[in-house]
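Chemist: Here's the letter readout for the chains.
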Amino acid sequence: MMKNFLRGKILAIRSLRGKILLLLTGTALMITFGVAVLSERGITRTVSERERHAVHNIMRLASLNVAALWSALLDDKILTVRAERARLMEIGVLVRAILENHAQEAETGFLTREQAQTVARDWVNRLPLENQIRVLIYDRDNRILSSTDPGRIGKDISGLQDFKGRPLANTMREESLGVGHSFAIYAEETARDSEARFAYFGDFGVWGWTLVVSDSARTITRQIASQKAEMEAKIHEILSPLVLTRSGFLFILTDDGRFIIPPPRDFLEKAGGEERARDVLRAAPREPSGAEDAPDSSPRVFRPTVGGESWRAESTYFRPLAWTLTAMVSEADISLPARQLVNQQAALSALILCLSLLCAFFFAARIVRPLTQLTRYARALPEQDFLSPESGVPGHIADLPDRSRDEIGLLAAAFLFMDQRLRENIRLLVRETVARERIESELDIARSIQLGLLPTLLPASFAAFLSLEARMLPAREVGGDLYDYFMISERELCVVIGDVSGKGVPAALFMAISRTLVRSAARDETDPGRMMRMINNQLAENNPNLMFVTLFLAILDCDNGELRYVNAGHPPPILITKDGAARRLEGRGGPACGVLENASYRASSVRLAPGEILLGYTDGITEAVNGEGEQYGEARLLENMGHPARNAQEAAVCLLADIEAFTAGTEPFDDITLIAVQLSSSRLEPT
Amino acid sequence: MQVSSNEMEGALLLHLAGQINGNNATSLEQNLKTHVDQTHYRIALDFAEVDYISSAGLRVVLWLAKQVQTHAGALALYGLRRNILDIFEMCGFTDILTIVESQEDALEKIRSTPA
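If you're matching them up, the sequences are chains A and B in order.
Numbering-wise, this note's numbering puts 657 at position 657 of the first sequence, and it's gapless, one number per residue.
Numbering-wise, this note's numbering puts 1064 at position 64 of the second sequence, and it's gapless, one number per residue.
Where hints are given, some of them may not hold.
To be verified - Reference listing, derived: stretches of chain B covered by chain A, where coverage requires no fewer than 3 residues with Cβ under 8 Å from a Cβ of chain A:
| no. | segment |
| --- | --- |
| 1 | 1048-1058 |
| 2 | 1090-1097 |
Said to hold, decoys possible - Partial chain B-side listing against chain A, Cβ under 7 Å, derived:
| no. | residue |
| --- | --- |
| 3 | Gly1022 |
| 4 | Leu1062 |
| 5 | Trp1063 |
Said to hold, decoys possible - Restraint ranges, calculated between C-beta atoms of paired labels, are given here:
| no. | chain 1 | residue 1 | chain 2 | residue 2 | range |
| --- | --- | --- | --- | --- | --- |
| 6 | A | Glu440 | B | Gln1002 | 31 to 37 Å |
| 7 | B | Arg1081 | A | Gly665 | 25 to 31 Å |
| 8 | A | Phe465 | B | Gly1018 | 48 to 54 Å |
| 9 | A | Ala398 | B | Gly1018 | 51 to 57 Å |
It should be emphasised that the hints constitute simulated quantities derived from the structure, not laboratory data.
Beta carbons are placed, not taken as given, at the ideal position from N, Cα and C, and that holds for glycine.
Take these sequences, add in the hints, and give me the full structure.
Modeler: Printed below as a string of structure tokens:
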């Protein structure tokens, strides 16, 4: 079953149609495959490059955004600090004015210097101020003279340091001496904790005092923090909705491990928890250079593997905020568009291939159909009866040369030509066969007529003392040889053997005439010479073709054995004595009959001894040829007959057997005829 | 069998060669007929190369002799081998036909025949 199926497949491939389809499929596949292989790499590179570029642009955008927001934040911060300074300075200027007023009073002598200082200190101590704002005065010994916080009066502030680690009281006094004021931030120890404070330092050199107006720095810090939070929220708001390519994302990680924009949850899950994700992401290399104000410094690219997936990360470190901005895109996503494009191309190619194969299938069927029709017609040809009038070339075959004008059409035309010639030849052959059969049947009839001319039996009265055997073996259907024997009186037997020139039907007709003439001559004449003259004249009378017949004619007197004979150009017969001695019967009476009118024929005579055999033959015997091309010849004939034979039959049979052995199957070339006569001893001896 | 011809002393010499039998006698007759039709009636037949002649061949020679005789020409056969001559003799045609030894004799015979 399977084998048959396979064989069917192979045959399908061997068919013209299969070959066309196979060729087309092969070509299309090769083209498709070649284009796919050549274009796939290029497409992948181009498309991936585009994706990367998009990611890079987004990174730049994000960096610029962050930088801009940071810059805005910085501006806010400066404004806040300036406003605070202005507030503190306002109070400081006011207090200084009051203090100068008191110092004026002392100058004028309205009050003593000590009285004026005391009034001023009391006034300061009782200044009504907003919650956290404090005013204090310290002298050149760094001791607090006066304070809105009464608990601090008298304390030494030499130990306090500003944020830069300098001794606060001295530094600020010196700085304010120059321009009249300065600002500082410092930490103040309270009972509970230390508190950062922002302070205005004003010099009141008249009394050697330094005026301090301070506010808790927390207000500013809080304000700045809220601004920063606002900025972070804004960044989050702007950047977190960004999706890179497909599943890519942007995240911001601070140096202290806080996510400004966290990676999506599924990424964290893939990474195996937030902590591990953070570890992976921290591995982003910091750029070595990267000036503080260069957020667009070239981003660093690295390729972490998260959850068995390969990612492409691009990261920028933003030093002012100590933030790391990172864009992460899955490598698969980068190559996905390229893959999709290639797949799309492949699908399109496959579709086109299928369509073209379908077309080719039908086209091939169209090409092959005439061949199939021709094949079927050719196979059915032997079953056609070419002679029946209905037989002919069907229309769909006859139209083929006109329908397709290609090689198939030429083949069909050649085939039709062959078909037509075949029909003609077969008709001719049939006609000729019929004619030949007619001729053959006519020849058969002629043969039986010719054989009917030959005598069959001796009269019973002669058979007792006469032994006679005659044979004629025509080389063709009818022969040109003849023999005859008949009684012309009570005791006389006429024996004739002859050979007509040529062969076939003309010879046979001439033979029949000759035989008839012999019989009619025998009725008119008794002398063999005159008989022969009569026969010759009648044959020569009207013989334009110069046909002739050689004749040996003898009249045997059965009482005394006298043989009167005449030989008209015939091979001399042989006499075989009782003892087995063979000799030619010499004596030529005249030329062959039919040629020379009025030719004269001379008869001869011989006496047959008892038991002696007269053997007449035609040249078909002496000219019989064997395989080597040798003729049987007269010498061999005489030698072969040179032994005693009991009667005519024995002599004839012996001769025919020897000739057959000699020729050994070669086709007889000429008619073979012989006649043998013997008078038995019993008939002659009594006389 | 082959036939070649040439003319000499007003006679047409036809040189026959091979076997003259029933199969080629008709073609020989056609061949001779073309010569006769060209009114060549003084003919010498060269039998030197003839191995065998059958009765059909004899008939053709007789036919030629009759054509020549009808047109008051002359025919002579020469160069016959022994076995060929035997056949002519046996059939009794040596009396009817002019058979000589050599080409010279044949030409002489033809010359001496009055036109």
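Chemist: All hints are to be evaluated individually against the structure, with a verdict given for each.
Modeler: Against the structure, the hints come out as follows:
no.: 1; hint: 1048-1058; verdict: holds (count 4)
no.: 2; hint: 1090-1097; verdict: holds (count 6)
no.: 3; hint: Gly1022; verdict: 5 Å, holds
no.: 4; hint: Leu1062; verdict: 4 Å, holds
no.: 5; hint: Trp1063; verdict: 4 Å, holds
no.: 6; hint: A:Glu440 / B:Gln1002: 31 to 37 Å; verdict: 34 Å, holds
no.: 7; hint: B:Arg1081 / A:Gly665: 25 to 31 Å; verdict: 30 Å, holds
no.: 8; hint: A:Phe465 / B:Gly1018: 48 to 54 Å; verdict: 50 Å, holds
no.: 9; hint: A:Ala398 / B:Gly1018: 51 to 57 Å; verdict: 54 Å, holds
Checked against the numbered hints given earlier, this structure breaks none of them.
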